[in-house]
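Visitor: Listed in order, the protein sequences are those of chains A and B. Mapping the first sequence onto this note's numbering, position 168 (from 1) lands on 168, and the numbers just tick up by one. Positions in the second sequence are counted from 1; adding 1000 to them yields this note's numbering.
FYI, nobody ran anything at the bench for these hints, they're computed from the structure. Possibly wrong hints are sitting among the right ones.
[Stated by the list, open to error] When the alpha-carbon atoms are kept at most 20 angstroms apart in a straight line, the in silico EDC-like pairs for lysine to aspartate or glutamate are as follows: (1) Lys160(A) <-> Glu1056(B); (2) Lys55(A) <-> Glu1133(B); (3) Lys1050(B) <-> Glu166(A); (4) Lys55(A) <-> Asp1116(B).
[Unchecked claim] Label-pair restraints from in silico Cβ distances: (5) Asn1006(B) <-> Gln176(A): 40 to 48 angstroms; (6) Ser1014(B) <-> Arg46(A): 39 to 47 angstroms; (7) Glu1036(B) <-> Arg60(A): 21 to 29 angstroms; (8) Lys59(A) <-> Val1145(B): 18 to 26 angstroms.
Just so it is clear, the structure is predicted and the values come from calculations on it, not from any experiment. From the three backbone atoms N, C-alpha and C, an ideal C-beta is built for every residue, glycine too.
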Amino acid sequence: MKIVKFENGECKRVRSYLDSYLSNELMVETNLEVLKHLENCADCSRELDDRERIKTQLKRAVLNVQAPAALQDRIRSDIRRPRRLNFNLTQSWILAAAAVIVLAVGLGIFFRPGGGSGGSNAKPLSVIAEVAPNDVAGQILKVGFDDHVFCAIDHGMASKHFSSEEMSEKLGPKYQGLVELVKEKMPQGFEIVVGHRCHYKTREFIHVIARRQGEVVSLILTQKIGEAFPAESVSAVMNAAGVPVHEASWSDIQVAGLETSNYLVFVISNETRKENEQIASSLMPSVSDFLRRIEV
Amino acid sequence: MFLSRNARAEDFESAAMPHLNDLFRTALRVIGNRSEAEDLVQEAYLQAWKSFHRFEPGTNCRAWLYKILFHVIQHHRRKWYNKSSVRENESVMETLAYEPPVAHDLSDEDVLAAFDKIPRHYREVVLLADVHEFSYKEVAETLAVPVGTVMSRLSRGRKLLRQELAGFAMNYGIKEEDRSA
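Bound conformation, chain A alone:
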């Protein structure tokens, strides 16, 4: 074992620079000072050689490992895989939804979610997600999902960055305070990047987008056009949290939906189901209070 006694003050100072010297992070003048010292000091010069050798040995050892070929294939297939319908429907949901349809038809109630244009979504980047015609909750949740995909993803709104003034101007006085409310209720680290009104399939949406690195969360509000969630489809988890929220997911996008007297409220994200539920259960009660105030 060697205990270096820094009797020479210059050695001591130069050694304190060696880490940054090794990382090529020294200022030019300091770098020159170190180089000059190393020329005349065998001890420090040997110390630097040792450190450089360890760095080289480590680099070589780490870089000699290769990623398995199968990993590349897995990633490629993730990227290339067409997003298929992956709607989480339980048998009881289908039955419940079917029962409500029968009831609705019997009572002569008719509505067309999404503004009623129907048909397949022709937008090039829209995710193709279909819902069975008799799945009422699914049809309603897809209203929010479609706007999120159309606006936040396909039109790249999730990559925008509006100032508070811009958001306030775009949302108008009626929705004053909504952005602040979302900001307060989102998990730590999320930033509100967009607050605006958008249109999809003749319907108007109030859309707030929050972002945290690769995570994108949309809060979407739209006025009801006769829709009503079947009570049976309320998510057990969300109901337990005291909020009657309905859920679905298409491919890797999670949707949670809630209705107030006049509005449909959606929380949509690329989070896991559990995380989307957490975000929704944090946002929904306040948003629903907010809407109740403007509905009065």
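With chain A fixed as given, assemble chain B onto it according to the hints.
Guide: Using the frame of chain A, we list chain B on its own:
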């Protein structure tokens, strides 16, 4: 922005896939388990693909991917260990001026075994700075820590690695006298 899905996938692959080996090596050394490292790298690529529309061509794709990878790793740790990693005593090595000898002919296995023994915080910084040659500023951004923290962790990480390697040197019978011979 309005390219077809296939054209976007091709753009993504040509920008991101060349970094796969480096990302895997990093994840493997940080996590220490091959199959977990594979899953995390796959997840990082999936996240990157999802937010690729926000990636600006011409900017540093490698740094962007590393940021996502470390975000995924942090998330994974929070999820499975339900705690932030134990803060190592960062003041322990403050005044250490012990510079043990290190063997010249250590195998890659020996070096990696020694490296894997040092605490994760230090491994991360040493990997990014010494192996992948990121600047202090880039390391700080990737790990979301201040530059000063990067500098102190790098310094201590290197010392700890050296101590571990010296353990091997002892086993090989290298003594201090041999160095000055």
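Visitor: Would you mind marking each hint as holding or not holding in the structure?
Guide: Against the structure, the hints come out as follows:
Between the alpha carbons of Lys160(A) and Glu1056(B) the distance comes to roughly 12 angstroms, so the proposed pair stays at or under 20 angstroms and holds. The hinted pair formed by Lys55(A) and Glu1133(B) meets the criterion: a straight-line CA distance of about 11 angstroms does not exceed 20 angstroms. The suggested pairing of Lys1050(B) with Glu166(A) is violated, with an alpha-carbon distance near 26 angstroms, which exceeds 20 angstroms. Taking the CA atoms of Lys55(A) and Asp1116(B), the gap is about 15 angstroms. The hint holds against a cut of 20 angstroms.
Checked against the hint of 40 to 48 angstroms, the pair Asn1006(B) and Gln176(A) passes, with Cβ atoms roughly 44 angstroms apart. Hint check: Ser1014(B) to Arg46(A), Cβ distance near 45 angstroms, so the stated range 39 to 47 angstroms holds. The given range of 21 to 29 angstroms is respected by Glu1036(B) and Arg60(A), whose C-beta atoms sit roughly 24 angstroms from each other. Distance hint check for Lys59(A) and Val1145(B): the Cβ-Cβ separation is about 22 angstroms, which falls inside the suggested range of 18 to 26 angstroms.
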